[in-house]
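> Here are the chains, one letter per residue:
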Amino acid sequence: MNQILLTLGTLTLGGSAAVLLLAWMGSSTRGRYGAKWRCWAWLLLCLRLAVPLPLVFRGETRAPIQVDVPNPPAVTQPVTPPNTPNVPAPPNTGDHSGPAAGSQGGTILPKPGTSSSAGSPAPRPEETPSFDAARLLLAVWLAGAAAMLLWSGYAHLRFLSYLRRWSAPVEDWDAVAAFNHLGDQLQLHTRPRLLVCQGLKVPMLAGALRPAILLPQGKITGEELGFSLLHELTHYRRGDIWLKTLAMWVNALYWFNPLTWYMIRLVERDTELACDEDALRRLSPQDYSGYGQTILAAVARLQNRKENTHEE
Amino acid sequence: MKNKMPRTPFSTPLSGSARETEIRLRNIFSGPKKRPPLPFLILMFSVCIFCGNLVSCQMAEPDAPALPDISASLPEIPDISLPDPPKQKPEAKVWEYQAVLGDLEDVDLDGDGLPDTVTVATRLDPQSEAGTYDTLTVTAVLGSGAELEYHETGEPGWCFINIIYAHRITNPDRDSLVLELGAFGSTYDAAETIVLELVDGKLTERYRTENSSTISGVYSTGGEDSPLLDLRIPVLVDKWHAPEYHTLSWNGTGWDETPDGYFTDAETVTVTGGRVLTLALRGRVTGEQFGPHLIYDQIQVFDGDMMFNPNKLLQTILPEDIPGDDRFPDQIFSADGSACVWIQDINFDGAEDFAVLCDSTRNQGCRWFRWNEGQGQFEYAFSLAGEVEVVPQGQHLIEACWTEDWEDKLYNIYSFNNRGWLILESTWDTMVEAQDACKEDF
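In order, the protein sequences belong to chains G and E. Terminal number for the first sequence in our numbering: 431, no gaps in between. Terminal number for the second sequence in our numbering: 477, no gaps in between.
Just so you know, these hints were derived from the structure itself, not from any lab. Quick caveat: nothing in here was measured; it's all calculated off a predicted structure. Mixed in with the good hints, there may be bad ones.
[Unchecked claim] Derived lysine-lysine pairs resembling BS3-like cross-links, with alpha carbons at most 30 Å apart:
1. E:69 with G:155
2. E:474 with E:444
3. G:320 with G:155
4. E:474 with G:155
5. G:320 with E:39
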C-alpha cells in the first residue's frame with residue numbers, strides 16, 4: 120500500500136517537473152518548432168503517468184532527487200502469539216527435536232519465565248483501534264480519482280443523451296460533398312459521422328469510440344464550412360481525442376496536483392496548434408487568412424452566445 | 036432555441052478565450068515550423084519517459100521507540116579490557132624522485148674546472164591540503180666544496196625527472212643545468228623544461244617553458260657560430276604525429292625562440308631482401324586559424340634507419356609531382372587524423388609499398404607508391420579509396436568506396452595484368468561478396 124503511495128508521489132513530483140520543463144520549452148520554442156513534437160512529448164508523458172508503477176532499470180541505484188516523506192505509523196494489528204489461550208504450548212522438555220515454545224527456526228532462544236507460563240494462557244494484548252494514515256491517504260486518493268472519472272463519464276452520458284435528442288445526420292449536399300472530398304484528400308479509410316446539432320455554435324469533433332463531427336445548424340457555409348471540416352477531420356486523423364482521453368485519465372489519477380490540471384490546458388492548446396499546422400499543410404498560403412478568419416468567426420459566435428446567455 | 040449543450044471531455048471544442056485565439060492566429064501566420072533538432076527531441080522525450088526516475092520518495096525512518104530499561108535485570112558483566120586497536124591512518128601516497136649528475140657527467144656549474152655534483156629531487160603530495168602540491172630541490176655540491184640549493188614549491192603536477200644534463204647553454208664559461216620534468220597524470224607526455232645557471236653564487240632560473248603544449252624530449256644541439264648550444268624543445272602538434280621542435284638560443288640577455296614550422300613523422304619500410312628504408316614525412320599545419328589541416332609537403336626516403344644514416348637520401352617525393360586523377364584531383368598529401376600512411380605489399384612482389392592519404396573528405400583517397408627494385412626508388416602507382424584489402428589468393432585488391440549518395444559502400448575488385456597495371460575486375464555490394472568472388476576466381 121505504501122509502495123503505491125510512494126510511486127504516486129514519485130511520479131507526481133517527476134511529472135510536475137516534466138510539465139514545467141515542457142511548458143517552458145514549448146513557450147520558448149513555439150515560434151520555431153511545430154506543435155506536433157510537443158504533442159508527442161505530452162503523449163509520452165501521459166503514457167508514463169497513466170500507469171502509476173515504478174519503472175526500474177537494472178543497475179539503477181538512486182534518482183537524482185531524493186525526497187523523504189513522513190512515514191505514516193505502521194499498522195498495529197495485534198499479532199497472535201504462539202501461546203494462544205486455546206492452543207496450549209508443548210511442554211519445554213529440553214527435547215530439541217521439534218520446535219518448542221520460544222524457538223525460532225530451530226534456534227533455541229532464552230525466554231525468561233517460560234516454565235511458569237508454559238501451558239497457561241498468555242496475556243491477551245490490548246486491542247486498541249489503530250489509525251492508519253496510509254490507508255486513509257489511499258482511500259482519499261482513490262475516492263478523488265473515482266469522482267473525477269465518474270464525473271467525466273456522467274458528463275459524456277449527458278452529452279450523448281443530448282446528441283440523441285437534438286442531432287441529425289447532415290443532409291446539406293454541399294456539406295456532405297465537402298466532407299467526402301476532404302476525407303479523400305486526407306486519405307481517411309474510416310470516417311466519423313457527420314451530424315448537425317441544435318444548440319451548437321461552432322463545429323467540433325466528439326466521441327472516442329464512435330466519433331462524430333458536429334456542425335451547428337445552418338450557420339456555416341462555403342469556405343468557412345470547408346475550413347471547419349478540414350480542421351475537424353484533421354483532429355480525427357491525428358487521433359487527438361485519444362490523447363485528450365489519456366490526459367483526462369492522468370488528470371483523474373493526479374487530481375490533487377494542480378500542475379496536472381495545467382497540463383490538460385497545455386495539451387488542449389498544443390493539439391489545436393498541431394491540428395492547425397497539419398491542416399495548413401494542405402492549404403495554399405493564400406488560404407491562410409481565410410482559415411484564420413474562420414477561427415475568428417467561430418470565436419465571435421461563441422462570444423455572442425455568452426453575451427446572449429448573460430442577457431438572458 | 037435555448038438548449039445548452041453539455042460539455043464532454045471526449046471532444047475538441049473551440050476555446051473562446053482571446054489569448055488562445057491569439058496564439059492560434061500567431062501560429063498560423065508565423066509560417067511553416069521546423070522539426071526540432073535531434074538532441075532537443077531526445078531530451079524532451081527522455082524527460083517524459085524518465086520523469087518517474089527524476090525523483091525518488093522514500094519513507095523517513097521513524098524514531099526508534101524507547102526500549103524499557105532492562106539493565107537492572109541483567110547480570111553484571113565483569114570488566115574486560117581489550118588492547119586499543121592500532122590507529123589506522125589513511126594511506127597518503129607521496130611521489131618522490133631523485134636524480135644525480137655526478138663525476139661521470141663532468142658538470143662544471145661554476146667554471147672552475149673542478150667537477151660538481153648535482154642532485155635533483157622532486158616530491159609530489161596529492162593528499163596535501165592545497166591539493167596537488169610538489170617541491171623541486173636542486174642541490175649542487177661544487178668542486179670547491181661549497182654547497183648550493185635551489186628550492187621551489189607550489190608548481191603543481193611536475194614531478195617526474197625525465198631529463199637532466201649540463202651544457203654550455205647560457206654562458207660559454209660554465210655549464211647550465213637543463214631539467215625536464217614530466218607532468219603527473221599526463222596522457223600525452225607533457226613536460227616542462229627549466230634551465231638553471233649559477234649566477235652570483237646562486238642557482239638562478241634562466242628559462243622555464245611557457246608553452247603549455249611542450250612535451251618530453253628536450254635536447255641540445257650545436258649552435259651555429261656560437262660556443263653555446265641551442266635547446267630543442269618539442270611542442271605537441273597532435274597525438275598522432277611527431278612534435279614540432281622549437282629552437283632556443285641564448286643571445287646574451289635573453290632567448291631567441293625559433294619554431295621549425297614543420298614536424299617529421301618517420302615510418303619504416305622493408306623492401307626486397309629485407310632492406311630497411313625510412314620514410315621521413317615532413318608535415319605542417321596549413322589552412323585557416325579555425326579550420327587547420329595537417330599536410331605532408333615532402334616525403335624523403337632514406338636508406339636504413341634515418342637516425343643513423345641521415346645522409347643517405349634515396350629520393351624526395353613532393354605532392355605536386357604526383358598527378359591527380361578524376362576521383363582524387365588534389366595534389367596534396369593529407370596528414371589529418373591517425374591513419375594517413377599505410378605500408379603494405381600491394382603488388383605481391385615481396386617488397387613493402389606505401390600509401391599516403393590524399394583526400395580525407397570522402398573516400399579516404401590514397402596515393403600508392405610501389406618499390407621499384409631496378410631503380411632503387413619508389414614510384415607512384417595508382418590511387419585507391421580507403422584502406423585496401425589485399426587478397427593474396429589470386430592476387431586481388433578490394434577497394435571499399437562510398438556511392439555518390441553516401442547511402443552504400445561499393446567494393447571494387449582489382450588485379451594486376453601482365454604489364455603490372457591495375458585492372459578493375461568487378462564491383463560488389465558487400466565485402467563478403469567481394470571476398471567470395473576473389474576466392475572463386477582463384
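> Run every hint past the structure and note whether it holds.
To see whether the hints hold, each was checked on the structure:
In summary, the hint linking residue 69 of chain E to residue 155 of chain G is supported, as the alpha carbons are separated by about 10 Å, within the 30 Å threshold. For the proposed pair residue 474 of chain E and residue 444 of chain E, the alpha carbon gap of about 20 Å is at most 30 Å, so the pair holds. Under the criterion of a C-alpha separation no larger than 30 Å, the hint pairing residue 320 of chain G with residue 155 of chain G is consistent with the structure, at around 27 Å. Our distance criterion of 30 Å between C-alpha atoms is broken by residue 474 of chain E and residue 155 of chain G, whose separation comes to about 53 Å.
Distance restraint check for residue 320 of chain G and residue 39 of chain E: the Cα-Cα separation of roughly 10 Å lies within the 30 Å cut-off, and the hinted pair is therefore satisfied.
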